[in-house]
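**Q** The lines below spell out each chain.
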Amino acid sequence: MSPTMTDASPVLHDPKDGLAVLERPGTSIAETFGIPLAVLLEITHRCPLQCPYCSNPVEMERASNELTTTEWKKVLTELAEIGVLQVHFSGGEPTARKDLAELIQHATDVGLYSNLITSAVLLRREKLAALADAGLAHIQISFQGTDPVLANRVAGFRNAHAKKLVVAGWARELGLPLTVNAVMHRQNLHLLSDIIDLAVDLDADRIEIANVQYYGWALKNRAALMPTGEQIEEMAAIVEAAQQRLAGILAIDFVVPDYHAVRPKKCMGGWGRQFFNITPSGKVLPCHAAESIKDLNFESVRSNHSIAWIWKNSEAFNRYRGTGWMPEPCKSCAFKEIDFGGCRCQAFALTGDAGNTDPACSLSPRHEEMFKIAVKEAEAGANRLIYRNFAGGTLEPEPADGA
Amino acid sequence: MSTAVAPAVRRRLLVTEASVPALARGTQLRFDGMRERWVLLVPERVLAPDDIAVEVLKLCDGARSVGAIIDELAARYAALREEIAGDVVEMLQDLAKSGFLVEAGERHP
Numbered sequence: 088m089s090p091t092m093t094d095a096s097p098v099l100h101d102p103k104d105g106l107a108v109l110e111r112p113g114t115s116i117a118e119t120f121g122i123p124l125a126v127l128l129e130i131t132h133r134c135p136l137q138c139p140y141c142s143n144p145v146e147m148e149r150a151s152n153e154l155t156t157t158e159w160k161k162v163l164t165e166l167a168e169i170g171v172l173q174v175h176f177s178g179g180e181p182t183a184r185k186d187l188a189e190l191i192q193h194a195t196d197v198g199l200y201s202n203l204i205t206s207a208v209l210l211r212r213e214k215l216a217a218l219a220d221a222g223l224a225h226i227q228i229s230f231q232g233t234d235p236v237l238a239n240r241v242a243g244f245r246n247a248h249a250k251k252l253v254v255a256g257w258a259r260e261l262g263l264p265l266t267v268n269a270v271m272h273r274q275n276l277h278l279l280s281d282i283i284d285l286a287v288d289l290d291a292d293r294i295e296i297a298n299v300q301y302y303g304w305a306l307k308n309r310a311a312l313m314p315t316g317e318q319i320e321e322m323a324a325i326v327e328a329a330q331q332r333l334a335g336i337l338a339i340d341f342v343v344p345d346y347h348a349v350r351p352k353k354c355m356g357g358w359g360r361q362f363f364n365i366t367p368s369g370k371v372l373p374c375h376a377a378e379s380i381k382d383l384n385f386e387s388v389r390s391n392h393s394i395a396w397i398w399k400n401s402e403a404f405n406r407y408r409g410t411g412w413m414p415e416p417c418k419s420c421a422f423k424e425i426d427f428g429g430c431r432c433q434a435f436a437l438t439g440d441a442g443n444t445d446p447a448c449s450l451s452p453r454h455e456e457m458f459k460i461a462v463k464e465a466e467a468g469a470n471r472l473i474y475r476n477f478a479g480g481t482l483e484p485e486p487a488d489g490a
Numbered sequence: 665m666s667t668a669v670a671p672a673v674r675r676r677l678l679v680t681e682a683s684v685p686a687l688a689r690g691t692q693l694r695f696d697g698m699r700e701r702w703v704l705l706v707p708e709r710v711l712a713p714d715d716i717a718v719e720v721l722k723l724c725d726g727a728r729s730v731g732a733i734i735d736e737l738a739a740r741y742a743a744l745r746e747e748i749a750g751d752v753v754e755m756l757q758d759l760a761k762s763g764f765l766v767e768a769g770e771r772h773p
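Here the protein sequences line up with chains Y and B, keeping their order. Position one of the first sequence corresponds to residue 88 (the working numbering), numbered consecutively onward. Position one of the second sequence corresponds to residue 665 (the working numbering), numbered consecutively onward.
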């Protein structure tokens with residue numbers, strides 16, 4: 088009677104409870120099925136927060152360019168029809184759109200599972216209840232720290248932290264599964280244990296501990312955010328201990344920092360293999376940072392092409408798909424189908440050519456240089472942030488109290 | 665109006681034959697017609713239950729007790745009840761630990 092895998096379907100692991108993982112953050116076997124199992128919808132770039140590591144592009148879409156309610160509904164219907172199972176409503180701040188409940192209801196009606204990825208600061212209790220009633224299945228709330236002064240400073244928003252705590256409480260009262268998202272960097276890594284404890288206190292199901300990935304806004308802020316080598320060692324030990332201690336209580340996902348890595352991450356599971364996202368104006372991207380690669384053109388859902396056509400046939404998706412595009416040292420590397428050459432956006436940001444090997448890889452000629460940048464910037468300790476905004480960023484004022 | 669609260673319940677849910685398990689909020693068992701397989705949709709994940717897990721999850725309807733689920737499976741697979749009871753409880757306990765099952769009594773508004 089003990090469950091076993093009874094078919095030959097590929098799985099990431101053979102589990103004791105009879106549940107193989109097809110998709111989870113960072114890993115997926117979606118490529119086996121042709122179309123991604125889950126899609127990220129960045130429904131707006133508007134956000135009251137100004138986090139210096141925001142994953143949105145530096146040049147953000149204005150409200151006037153955003154897809155309309157009708158257009159987003161059409162997108163949701165199309166996604167369900169081509170075999171997508173889950174959508175992540177994200178932003179910017181997705182609750183900044185007044186039609187969010189309507190969009191979630193539509194996702195529910197066409198059979199999609201909805202996740203909400205939010206800063207939570209704009210939510211009222213009735214609004215969250217309305218989203219839950221519309222069929223929202225899960226909420227992920229970002230936290231910038233556990234010390235309110237630091238957390239509010241990083242978010243660039245007064246009282247953000249206190250508001251998040253309240254909304255997390257409402258989410259649990261409404262029975263919504265809760266994930267705490269904690270983006271970690273040099274200025275908050277000393278709070279890592281506290282953030283894990285906070286997630287337990289908030290009765291979260293899961294915490295995503297994500298080291299900042301340095302593209303776009305985060306690249307502008309790299310010197311202020313880059314962790315020290317010592318912090319990274321401590322982090323690994325803290326996460327590992329917590330994963331053991333909290334087994335069955337809190338699931339812990341961990342996004343490792345790549346400036347200190349030896350092997351590059353399998354970014355997006357490989358370009359155009361298992362992930363796409365749709366921007367506020369309807370562009371279909373292989374990665375949420377892909378617009379940082381300046382010589383690529385991205386097709387839009389507003390074009391005459393279907394989403395399935397864009398996924399399969401568009402130039403941007405095919406440019407770095409598979410292994411045929413690879414130069415040396417990737418071309419003859421035994422790991423080329425393990426990591427697919429790392430991250431294209433990082434290769435572009437650091438070498439000027441997205442077709443180069445990601446410098447996070449020790450085989451890249453730029454690897455040593457990248458590591459040295461990380462060490463130098465972390466040691467210099469320049470902590471002033473550049474806040475994310477539509478004006479291209481604003482440098483934090485000099486601290487009055489020497490903080 | 666409050667519905668099933670998965671994690672707090674999950675920590676308490678000790679599966680016995682008297683338990684009445686139901687899928688937690690945010691856990692959806694579905695047949696994916698495109699890929700012709702059952703999938704379990706959970707927060708930011710897609711899981712593929714094997715055939716036995718599918719049968720067990722389908723029986724977690726918030727009405728049947730674990731004892732009744734064991735009876736049903738014993739009849740369906742012509743197995744001896746005492747031979748499968750322990751395995752079924754263990755499997756349900758694993759699913760509960762993952763946060764996918766809650767006690768149905770806790771689901772009432």
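Treat the hints with care, as some may be off.
[Stated by the list, open to error] Short, incomplete list of chain Y residues facing chain B, as computed with Cβ under 7 Å:
#1 105
#2 106
#3 108
#4 167
#5 172
#6 197
#7 202
#8 222
#9 224
#10 225
#11 262
#12 264
#13 292
#14 411
#15 412
Please keep in mind that the hints were generated in silico from the structure rather than gathered at the bench. Only a predicted model underlies this, so the values are computations on that prediction, with no experimental measurement involved. From the three backbone atoms N, C-alpha and C, an ideal C-beta is built for every residue, glycine too.
**Q** All hints are to be evaluated individually against the structure, with a verdict given for each.
**A** Checked hints:
no. : hint : verdict
1   : 105  : 3 Å, holds
2   : 106  : 4 Å, holds
3   : 108  : 6 Å, holds
4   : 167  : 10 Å, violated
5   : 172  : 6 Å, holds
6   : 197  : 13 Å, violated
7   : 202  : 6 Å, holds
8   : 222  : 10 Å, violated
9   : 224  : 5 Å, holds
10  : 225  : 4 Å, holds
11  : 262  : 4 Å, holds
12  : 264  : 4 Å, holds
13  : 292  : 5 Å, holds
14  : 411  : 27 Å, violated
15  : 412  : 28 Å, violated
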